[in-house]
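Protein chains: 2
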Amino acid sequence: MAHKLAIVGFGGMGTWHYENVSKRVDEVEVKGVYDVRQEPMDTAASLGLKTYGSLDAVLNDPEIDIVTIATPNNFHKDIAIKAMRAGKNVISEKPVTIVSSELEEIMAVAKETGKLFSVHQNRRWDKDYLIIKKILSDKTIGEPYYIESRVQGSRGPLHGWRGYKVNGGGMVLDWGIHLLDQMLDMIDSKVVDIDAHLFSIHTPEVDDNFKTMIKFENGVSYLVEVATNCFINQPRWHVCCKEGTAVVENWDCDGKIVKLANNDELAWEDVIVYTSAGPTRTMAPRPEETTEQLELPEVEADWTNFYRNIAAVLDGKAELIVKPEQCLRVMKVVDAIFESHEKSHSISVNI
Amino acid sequence: MAHKLAIVGFGGMGTWHYENVSKRVDEVEVKGVYDVRQEPMDTAASLGLKTYGSLDAVLNDPEIDIVTIATPNNFHKDIAIKAMRAGKNVISEKPVTIVSSELEEIMAVAKETGKLFSVHQNRRWDKDYLIIKKILSDKTIGEPYYIESRVQGSRGPLHGWRGYKVNGGGMVLDWGIHLLDQMLDMIDSKVVDIDAHLFSIHTPEVDDNFKTMIKFENGVSYLVEVATNCFINQPRWHVCCKEGTAVVENWDCDGKIVKLANNDELAWEDVIVYTSAGPTRTMAPRPEETTEQLELPEVEADWTNFYRNIAAVLDGKAELIVKPEQCLRVMKVVDAIFESHEKSHSISVNI
Chain A
1 MAHKLAIVGF GGMGTWHYEN VSKRVDEVEV KGVYDVRQEP MDTAASLGLK TYGSLDAVLN
61 DPEIDIVTIA TPNNFHKDIA IKAMRAGKNV ISEKPVTIVS SELEEIMAVA KETGKLFSVH
121 QNRRWDKDYL IIKKILSDKT IGEPYYIESR VQGSRGPLHG WRGYKVNGGG MVLDWGIHLL
181 DQMLDMIDSK VVDIDAHLFS IHTPEVDDNF KTMIKFENGV SYLVEVATNC FINQPRWHVC
241 CKEGTAVVEN WDCDGKIVKL ANNDELAWED VIVYTSAGPT RTMAPRPEET TEQLELPEVE
301 ADWTNFYRNI AAVLDGKAEL IVKPEQCLRV MKVVDAIFES HEKSHSISVN I
Chain B
1 MAHKLAIVGF GGMGTWHYEN VSKRVDEVEV KGVYDVRQEP MDTAASLGLK TYGSLDAVLN
61 DPEIDIVTIA TPNNFHKDIA IKAMRAGKNV ISEKPVTIVS SELEEIMAVA KETGKLFSVH
121 QNRRWDKDYL IIKKILSDKT IGEPYYIESR VQGSRGPLHG WRGYKVNGGG MVLDWGIHLL
181 DQMLDMIDSK VVDIDAHLFS IHTPEVDDNF KTMIKFENGV SYLVEVATNC FINQPRWHVC
241 CKEGTAVVEN WDCDGKIVKL ANNDELAWED VIVYTSAGPT RTMAPRPEET TEQLELPEVE
301 ADWTNFYRNI AAVLDGKAEL IVKPEQCLRV MKVVDAIFES HEKSHSISVN I
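Chains A and B supply the protein sequences, listed in that same order. For the first sequence, counting from 1, position 324 maps to 324 in this note's numbering; every step adds exactly one. For the second sequence, counting from 1, position 324 maps to 324 in this note's numbering; every step adds exactly one.
These are computed hints drawn from the structure, not numbers from a lab. It cannot be assumed that every hint is accurate.
Copies of the same chain look alike in the list, so a pair counts if it works inside one copy or between any two.
Simulated pairs of lysine-lysine, BS3-like, Cα-Cα distance not exceeding 25 Å [claimed, not checked]:
#, residue 1, residue 2
1, K242, K165
2, K343, K242
3, K343, K190
4, K31, K242
5, K23, K242
6, K127, K256
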């Protein structure tokens, strides 16, 4: 029998949960919706969903065993705690909270109640990410040492509540959370230093553009960038490994791998490139026959595995994929990003 | 009458000074060469240049009024000091020294002797750099807030003495010096924080790849990267200003400017992009009619102005362009880069 789900907060993401779970996840059934606004409630009713008059009404419905929270970020914690205490399993949209200490409160209640708690870190199933993850785990071009992960747009001012500090707005807590979660999921090492550069170009209260340079204990450095004021985009991924470079250009996953095929000592004397103000041997191009171009690997990218995993965990058949402890690491990185920005200095950590 | 120049160190760069000054700079004449190696001396002789048997022989030639030093980096200081004390004006190849304190010694001798001292920071005349400098000074796309300046190659192990620590090898002191000098020449503000990530992929003694994130007092952040193990190149320049983005792809100066033409509030509700694991409104593309594409500006990039300026300064007709105090700022940034790397932490500065 399918697990019954209620969605609290039926805006953009709430609607997306409904549509995708309804159409694509047999193991979970969306039963009803609660939103403080009338318009989303009307939409829910027109879709044949039960509309609850209050959060308590959701929590008092004994049929509901999972509550998905898709409200503005500042409401996640209180709703999650209340729902678990009412005996519900809980999925929170990201960012799970605004600071890590709030997530620790939630995790304490999950432990106390024994309920399942997870966070909708759906972008662990993004195809571009899974391609890079596979290149690294297969060691196609050897060990990584420098990775750039960027999401760039140019729409300027942030949409709705994402522009307000009280709601946990800003790009670190929005797209940043995804890129940081992917990073920690992929690099098997501790974060030791975080240097953050936040900008408020169009949205005075929060960061609408940021770059953060992160250093891992194993020697990998990792640049995470989110931009809303970038008019000429760079690749989604640029990954430097010891034996080659991989690029994924965009969400359609155009891109390539260029791999070192022959690292015999090159004849330096013969190859000089002339720039307008001088020559360079160091930056002369490498002969083409000493490299090999590979296509990006094929990967299966099925986001619905997120909800299938939740159902399987509740049925005692699987281990939880998106674990609260992992989300706590992400939130600790976020804490350090804001601290680094405030201090105009990098922050030493052990995360 | 042309100023008479002797070149000390007649390798790759020394030869380049000879060829370009001889062919293109009427105000300066290359008279002779000294190198500790026989082969370059034979080359010099075959070119009709005087070959000096020792550094002292150069310094004792009363006709010589400028000495250009193009030896490995660790010899610059002693030769510069000796030459100025012998009454010569001195141009040093970059990096002028390996640490800033050595440059301060040179500057003290320049002051004591009254001789001209400059550094061959020729890449202030690189066309790609002058294009970006003009875009910023013309405020074509408003104020900058984030700049990436990269030079990427894939030839791996560094050439000759550039691979050795004792010679001041490594990419920070090689291409890095140029990119940092351009940065300080362009951004009219103090450097306040430096976070450096150095890698030794193929050359164990020195950095052969590095990234450094630099924060200025005026709010600009600036990434400088030099790579010798990058197989898929990124643009030479990616410059984010408040009202647009400029890209120069390469030394041939392909590229473009995309400028915000209409920043009226966009209708957010209608535009959602679906990635494989979820929708995004924030990163949906901006309608094309709200931006405008401009060509990169035309600039004059004549490197020979470096030597013409030296001659004009000696003739009392101009102010020195590449000033030792500017080079000292660059060297102080370099000191902080190495310190940041050692400490795995950013370094607060006031440079």
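Here is how each hint holds up against the structure:
1. Taking the shortest alpha-carbon separations for K242 and K165, only the inter-copy value of 22 Å comes in at or below 25 Å, while the best intra-copy value is 41 Å.
2. When the C-alpha separation of K343 and K242 is checked against a cutoff of 25 Å, the pair qualifies only between copies, where the shortest distance is 23 Å, while the shortest distance within a copy is 34 Å.
3. In this assembly of identical chains, K343 and K190 lie within 25 Å of each other by CA distance both inside one copy and across copies; the values are 22 Å within and 16 Å between.
4. When the C-alpha separation of K31 and K242 is checked against a cutoff of 25 Å, the pair qualifies neither within a copy, at 51 Å, nor between copies, at 46 Å.
5. In this assembly of identical chains, the alpha carbons of K23 and K242 never lie at most 25 Å apart, being 43 Å within a copy and 42 Å across copies at closest.
6. In the homo-oligomer, the alpha carbons of K127 and K256 lie at most 25 Å apart inside one protomer (14 Å), although the nearest pairing across protomers, at 30 Å, exceeds that limit.
Figure legend: structure checked against the earlier numbered hints; hints not met, in rising order: 4 and 5.
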